[in-house]
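Work out the full structure, taking the sequences as your base and the hints as a guide.
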Amino acid sequence: MKRKIVSLLLVLAMLATSLLLATSCVGNGPAAGLSEFEFDTSKPVTITFYHTMGESLRAVLDKHIARFNEIYPNITVEHKQVGSYDDVREQIKTEITVGDQPNIAYCYPDHVALYNLALAVQTLDDLIAATNTVTRADGTTEQLGLTADQVDNFIDGYYNEGKQFGDGKMYTLPMSKSTEVLYYNKTFFTEHNLSVPTTWEELKAVCAQIKEIDPNSIPLGYDSESNWFITMCEQLGTPYTSATGSHFLFDNEDNHAFVKEFREWYKAGYVTTQAISGGYTSALFTKNPAEDGNCYMCIGSSAGANHQIPENEDGTFKFEVGIASVPQANKEAPKVISQGPSLCIFKKADAQEVLASWLFVKYLTTTVDFQAEFGMASGYVPVLENVTDNEVYAAELAAANGYESLPLLATKVCLEQANAYYTSPAFNGSSTARDEVGKLMQICLTSTEADVDAMIKKAFKDAVAECKYQAGE
Amino acid sequence: MKVVLQNLTKIFPSRNKKSGEEVVAVNDFTFEIPDGKLIGLLGPSGCGKSTTLYMISGLQKPTGGKIFFGDDDVTELSPENRGIGLVFQNYALYPHMTVKQNILFPLQNLKGADKLPKDVMLERAYEAARLVQIDELMDRKPSELSGGQQQRVAIARALVKMPRVLLLDEPLSNLDARLRLQTREEIRRIQKETGITTIFVTHDQEEAMSISDMIVVMKLGVLQQIGKPQEVYDDPANLFVAKFLGTPPINVFAGEVKGGKLYLGEQAVLDVAGVDDRKVTVGIRPEGFVPDANGPMICDLSNVEIMGRDVSVVSKHQASLNPQIRSIVDADSNISVGDATVRFTLKPHKVFLFDTETEERIRF
Amino acid sequence: MASKAVTTMNARDMQQVSAKQRVVKGAVQFFLYAFLILMALIIVFPFYFMLISSVKELAEYRQTVQTLWPNKIVLYNYVEAFNTANLGRLFMNTLYVGLVSTILSLVITVLTAFAFARLEFKGKNALFAALLGTMMIPGELFTITNYQTISNFFGLKTLGVQLGSQWLQDVGNWKNTFTVLIVPFLVSIFYIYLLRQNFLQIPNELYLAAKVDGTSDIKYLWKVMIPLALPTLISITILKMMGAWNSYVWPNLVANDEAHRLITNGLRNSFADSTGDVNIPVQMAAVAIVSAPLFLVFIFLRKYIMKGVSRSGIKG
Amino acid sequence: MVDGKKSWKAWLYLAPAIVLLLIFTAWPIFNTVRMSLLEGYNAMQASAGVKFNFGFKNFVDVISYGNFLDYLWNTILLCFLTVPISTLLALIIAVCLNAIKPFQRLLQTIFFLPYVTNSIAIGMVFAAMFNMVGNNFGDPNELVITAGIINNVIEFFGGERINWINAGSSYFHNMFVMTVYIVWNALPFKILVLLGGLQSVNKQYYEAAKVDGTSRLRTFTRITVPLLSPMITYVVITGFIGGFKEYSSIVGIFGNNMGPTGDPDRLNTMVGYIYKSLSLQPGRASAAALILFAIIFVVTLLNLYISKKNTHY
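Chains as they are written, first to last, in our numbering: chain B, 1 to 473; chain W, 1001 to 1364; chain G, 2001 to 2316; chain L, 3001 to 3313.
Treat the hints with caution; some may be incorrect.
Example chain B residues on the side facing chain G (calculated, C-beta under 7 Å, incomplete) [as the list claims (entries may be wrong)]: (1) K80; (2) T94; (3) V98; (4) D100.
Keep in mind that the hints were calculated from the coordinates and are not lab data. For clarity, every value in this text was computed on a predicted model and none was experimentally measured. Idealized CB from N, CA, C, for every residue including glycine.
What follows is the structure, given as structure tokens:
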């Protein structure tokens, strides 16, 4: 008898838990009913924002939240550093399953694709197009949507990143961006009369020259194998992935060819990468050139410029650094990768929360002062072309040199190539493709197989198979 | 305090789920233990004597029947409310407490009106310790004591509450032979001094006989006989009791009564007037044999063991149910090892007849 | 076989043999020590490497042939490792979580072990076997479901959202609380098993004796069983604290905000933040800082840790 | 054996544990089985109301995955390398420790040190020790900047440096490093348990063996090992259970790449597969976890069976 009661209780507890979990999964509900875009400035609303900002960046953010609250005192912004980008993704992913996602989050395109499996991300098109006005606390008004000027001020490549999801809809606004730039040892280049390469052929030639001058060096360090592969696809116009239809298109002859070419570079000792060298190649670049194994050039993130400063412990510098755009396949149609976080807004049952989130996102992405200050604090590139309207920022940019102020020098290069940014399609599985082509580069460069063509062919085939398997195709 | 057990029964649910058979550990016990006496519960292991003790203590609840202490029905009372002291076979001293703490422990459990002030508790603890003569050892840990000393501590701990009834579970079994004799006397002394009704459990009949005022013999959950040790020995109620008591044990024969005479084999060994003709089981105490050159009972002599005052004669007889007959005779009786046979006459009051089926005593 | 040799020996032989034995014994002892010391060096070497690397300048660490003793001892790696993370806060958080979860865990473990060791109830053995069975299941399996559970405990959060009750939402959402770091791991089957075995060794008569004296179960547990099982309880305490110190995956998932972050996560995060060159000396300094408290505890409570571990085998 | 104990009282004592176990252990187990049987299950789509078919596709996916057999092989190989080596080594060390008097405690303490370490942290230390810095390892124009302290030691003794874990390293050397690290990590616990067992063995057995003139080796194989067999069984079983769950030690050495540069996932394991799938394919992860559980279960039973056959007393 007692045993029956106990087992009954067990079963009941199980049932109750599963029921509760089942009901909890309905929490997301349908898309917020945004038929009307009236934001009620009298009703308090709290929004949450997940990001990865460190302490100094949070200080900038807090300062601007205070400014934002001067015009919208009814909106409380709670923000939180969740960890790395992956942590943000994992956290939100689980939160979506219980309907507990934040209002705003730092995101990469593949994150958005993932969240959209649950249809959790708010499309921004209607909001951007909204023409009704909102009255702020200081009596001024603003248009709820984006004005034509505001849209124009965005760097196009960054702005368009928001609609690369295959359905033509806009899901994100850019927050702060970075790209890859070519760092080079300006002192060395000047000394040996080397010219800064602008194409891959030129780069190869420079590598050969450097190798002759200093055989124990590795002329070029390339941080991200994945970026290398994707950028080459983009520059050469060869297929990489597609957001619609068959996703994984990168197994083709053209791609085999450039990978094989780079393998020869590697075997000639021209190049190393982060995975191969076992750490960021900036470490090799900032070494004393007299030491073995240093790099004279390094292709890395503009956001990592701080790590490319070859500073001695006594505060002097080992050499002067120059920064240039990455080499191109076709100088007429330059392509450089666009990276760095965007902001997405999540659907909520309460339309006021969505509108408040939108107003805040709009503030962060269109306010010149915030973009400038955030750029200075982070080393990331602001997303606005008119960021130089901020005088402090403009002055700092103008004074940037090849020693201690590399981040600004890098930003300067980034702003000059504003028309060259590309982003690759985002879909559920796009990050797998990114990882797999990075591994593919690792394998193809370092492999010691005798039959190189067969090895490359197999590596591509395996990578596509893995992508498809992970995507559940 | 007299203790009365009335139709006391204990049934354990079967361990074996499939057969579902219940185990009757104690079956319909009824007896009365007079006030201030030392009682031995005696029986082979598994006879239910410990269960009975545990039921008296309250650690086990009877399946049926009642237990009275004096006139109070304590059947439903929990152990602590019965006013008992219990000493375990392995003493169950708390190994992490000193002797003093061990003895104090029961007093510290008293609650409400019974609660004692600290100094009274201490005084009582020392009193109990003095009674068992361990007041010198109060600050030692149990592991630093000998077996006999541990035994005394356990008794002191049981006595300190001034119990109405003291219960001892196999109190001597963990002691060596020399200590056993000594402790046996000690228990007797303490019981006499305190006058507490004391019940102890043992499987050793000698131990029970030597110190008890009364013994209770049990077998397979059934009460066999109660009485003063000598009475039970001299007048066993059945074959089991007769066999269980006495060293050397009683000699058992298959016999037959014919015409008022008891026959062992062909030999008519004793007059048993008043018994109908029938087959019987015969028990003869070792001291019931008297060597007699003309005695009616003729046995094949195997061995003679000299024991000083007595002589133990080992012989064989066709009707014996044991391989050998052991008899104790005076040393001056004239038996030599070389003889082929030995003849006995029997002392009538040392010969008991039992029904072959029921093993109940047949009196003559 | 040996007896034949012994019987044929004369006194002189015996002396020779005993001299020979002494030599053999000495040689054996020598080899024993040589072997043990060699193994001990291998065991200790990574720690040594960690320590010397943590006090080297980066340039010295990067020398082609590494030095076995730093040319110049610098401590700034420690300062940097210490400053990169908000260590004071991390220490306090970890200590708090460790203490509370240890105390609660001990209470639950003691109660459960007591019930399994001393009380009789239907289905005891089946239940105990089932509990032991769960120990074989890879713990990774629980994480994803548990995360859902604590995000929306018994659906309370959803209910709170539906009813508009902030209080209910807070009750239902355990994320970024100390609760979530403590509660899900309060029950350790292994500790229950360990303590139950210990309790079973305590003779049943002690329990009966206490019953006769009118001791309640709770008092018996407190006055007799706990003192007798104290070494085991201390072992459990230390292992549990070590667990809090070393836990990483779960806290990283559920409570990685500044107010609740634990030490391992904190250090890990701080060093993941600093992109760029892997500065091994600073990294080694960080490793040394994380390891130091455990080493100290170990030195002082060696006996209990080793006793506990020898019966456990479950790390952390 | 006191009766009259009410069952409800026992359940009261058990209540806290039972409640917590139901929520945080029983339900996850149930949910894992559920997820493993929902084809292509993932929580995101589930929360959007997508329904999943019921079936064994997740299990088929796991088993038919090209790399799965490799991961399984890695797992098994690591188990069968590290468990016997660490057990044997621990046994020898324990016996040696038991045979000495001075410094026994000190050495015992030293051998226990690896236990009180943070496995994430100490993995970083091992990787740093074996890591080479440079380029084009194995190529004619190889460039080695820092060979790593282990290679420094090898070169000091006149050996050739070895590419242990970097690009172009061999599977054999990778496995060697993993084995060293795992054995290093596993030793303290095993030594402790075995030494504890040795110290509780009645000295009379050894004295008897000595009187009989039994050789040391014979004493070891015929007395020590059989008497220790319960402890050996215990460390072997826990070793196998831990071995089949090997994951973090590989991350510690090779990082999330789970293999050297140029051959990612070369050393991936069952649990590595589970973690990799957890995020996007929880259905497959659940199925793999159940398969792993089945393997551990069978191996444990097998171990118990063998040890029972070999325990003679």
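The hints, checked one at a time:
1. K80: Given a least distance of 6 Å, the restraint on K80 (chain B) holds.
2. T94: Since chain G brings a Cβ to about 5 Å from T94 (chain B), closer than 7 Å, the hint holds.
3. V98: V98 (chain B) check passes; min Cβ-Cβ to chain G is 4 Å, inside 7 Å.
4. D100: It holds, given that the least Cβ distance between D100 (chain B) and chain G is near 6 Å, below 7 Å.
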